[in-house]
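Engineer: In the numbering used here, the protein residues as written are 7 to 347.
Please keep in mind that the hints were generated in silico from the structure rather than gathered at the bench.
Possibly wrong hints are sitting among the right ones.
Simulated restraints, written as ranges between beta carbons of each label pair [as the list claims (entries may be wrong)]:
{"id": "1", "residue 1": "Asn46", "residue 2": "Leu105", "range": "13 to 21 angstroms"}
{"id": "2", "residue 1": "Ala59", "residue 2": "Thr106", "range": "37 to 45 angstroms"}
{"id": "3", "residue 1": "Asn251", "residue 2": "Glu343", "range": "44 to 52 angstroms"}
{"id": "4", "residue 1": "Val112", "residue 2": "Val332", "range": "35 to 43 angstroms"}
{"id": "5", "residue 1": "Pro108", "residue 2": "Ala78", "range": "19 to 27 angstroms"}
{"id": "6", "residue 1": "Leu249", "residue 2": "Phe344", "range": "40 to 48 angstroms"}
{"id": "7", "residue 1": "Glu286", "residue 2": "Arg242", "range": "27 to 35 angstroms"}
{"id": "8", "residue 1": "Gly63", "residue 2": "Glu286", "range": "35 to 43 angstroms"}
A virtual CB, placed ideally from N, CA and C, is assigned to each residue, including glycine.
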Amino acid sequence: MDLLLMVRILVTGAAGFIGFHVSRRLLARGDEVVGLDNLNAYYDVRLKEARLAQLQGQPGFSFRQLDLSNQAGMAAMFVGDRPARVVHLAAQAGVRYSLTNPHAYVDSNLTGFMNILEGCRHNGIEHLVYASSSSVYGANTNMPFSVHQKVDHPLSLYAATKKANELMAHTYAHLYDLPCTGLRFFTVYGPWGRPDMALFLFAKAILAGRPIDVFNHGKMRRDFTYIDDIVEGIIRTLDRTALPNPDWSGDRPDPATSRAPYRLYNIGNNNPVELMYLIETLEKALGKQAEKNMLPMQPGDVPATYADVDALTSDVGFMPATPIEVGVGRFVEWYREFYKV
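From just these sequences and the hints, can you work out the full model?
Structural biologist: Below, the structure is given as C-alpha cells:
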C-alpha cells in the first residue's frame with residue numbers, strides 16, 4: 007500500500023480468533039494496526055498470547071491491554087492513538103456462557119460498545135465496522151435469514167446484546183453522522199479458532215479418545231463460515247464506508263439500511279451443513295472415529311442458521327464459498343501442528 011494511503015485502524019479483540027486474522031490481513035496490506043484486547047480468561051489465555059506473539063513482531067502493529075468497559079481508559083486510548091477507522095470485534099462471546107454469566111455480557115457488549123461509540127463520535131472516526139451475530143435471528147424460521155427481516159425475538163442474552171449493538175450503532179449514525187456497518191457472522195471456524203466452538207471441542211475430544219456431546223441428536227444445521235471468508239467480508243465492508251440509503255422510507259422501514267449512514271450485512275457460507283456431516287468430515291480429516299454422546303437441544307440454541315448474502319454480494323462483490331471439507335482440513339492441519347498431536 008502507498009504510504010500516503012496507509013491507514014491507522016483500531017482492531018478490538020486483536021488477540022481473539024477473528025481479530026487476530028483481521029489484524030494480520032491489514033498489516034499484510036500495509037495498514038497500521040492498534041490492537042486492543044483485555045486477554046481475559048474466558049478461554050485459554052495461552053492461545054490468545056500465541057496469536058498476539060504472531061502480530062507483535064510485525065511493523066505497524068502496537069498493542070493495548072485494556073478492558074472495553076474501562077470508560078476513562080478507552081477515551082484516553084482513542085485520543086492517544088488517533089485511529090482513522092475502527093473494526094470492533096471484542097465481545098463476550100458464547101450462547102451457553104450467557105446463561106450462567108449474564109453480567110459479563112452487559113459489561114463487555116453493552117457498556118463496552120457504548121465506550122466504542124463514544125470514542126468514535128468524539129474522535130472523527132471515518133467508519134466503524136462491528137461484529138454482530140447470526141444469533142440475532144433468534145426465533146425466526148424463515149430461511150435463509152435476510153438482513154431485511156425484523157429480528158425482535160432473541161433466544162439468548164448474548165443475542166439480545168448483539169441486537170442492542172445494532173440499535174445503538176443506528177442511533178449514533180443518525181445523531182452524529184457516524185458511518186456504522188454491522189456484520190452478522192455465521193458460525194466462524196478455521197485455524198487459530200476458539201476452543202469453546204464445536205469443531206475445536208470435537209477435535210480435542212476425538213484425539214484424546216473421549217466422547218463428544220452432540221446436541222439436538224446431530225440434527226442442528228449451521229452455516230459454517232471459514233475464517234478467510236469472514237476476513238475478506240470485513241475488509242471489503244471496511245473499505246466501503248456506510249452511506250445513507252436515499253430510498254429508505256419510514257413507512258416501510260428496511261432494517262438493513264437507513265436515512266443515516268448505516269448498513270447491516272450477513273457474512274455466511276450460504277450453505278447450511280448438518281452437524282453430523284461436520285463430524286464425519288472431521289473424523290475423515292483426523293483419521294479417527296468419534297464416540298458420540300447424543301443429547302437434546304440446549305437452552306438458547308437455534309436448530310438451524312442459513313445466511314442470505316445478497317446484500318453483501320451486491321454492495322461489495324463478495325460471497326463466501328470455502329467448502330466445509332477444505333476448511334475443516336485446514337483447521338486440522340493447524341490443530342495438529344499447534345498442539346503437536
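Engineer: The structure should be examined with respect to each hint, and the outcome stated for every one.
Structural biologist: For each hint, the structure was consulted:
1. Taken as a hint, the range 13 to 21 angstroms holds for the pair Asn46 and Leu105, whose Cβ atoms sit roughly 18 angstroms apart.
2. Checked against the hint of 37 to 45 angstroms, the C-beta distance between Ala59 and Thr106 comes to roughly 31 angstroms, which is inconsistent with it.
3. At about 46 angstroms, the beta-carbon gap between Asn251 and Glu343 stays in the expected band of 44 to 52 angstroms.
4. Checking the proposed 35 to 43 angstroms range against Val112 and Val332 shows it holds: the Cβ atoms sit about 38 angstroms from each other.
5. A hinted range of 19 to 27 angstroms holds for the C-beta pair Pro108 and Ala78, which are about 25 angstroms apart.
6. Distance hint check for Leu249 and Phe344: the Cβ-Cβ separation is about 41 angstroms, which falls inside the suggested range of 40 to 48 angstroms.
7. The beta-carbon spacing between Glu286 and Arg242, approximately 32 angstroms, falls within the hinted interval of 27 to 35 angstroms.
8. For Gly63 paired with Glu286, a C-beta distance near 39 angstroms keeps the hint of 35 to 43 angstroms intact.
Going through the hint list in order, the structure does not satisfy hint 2, though it satisfies all others.
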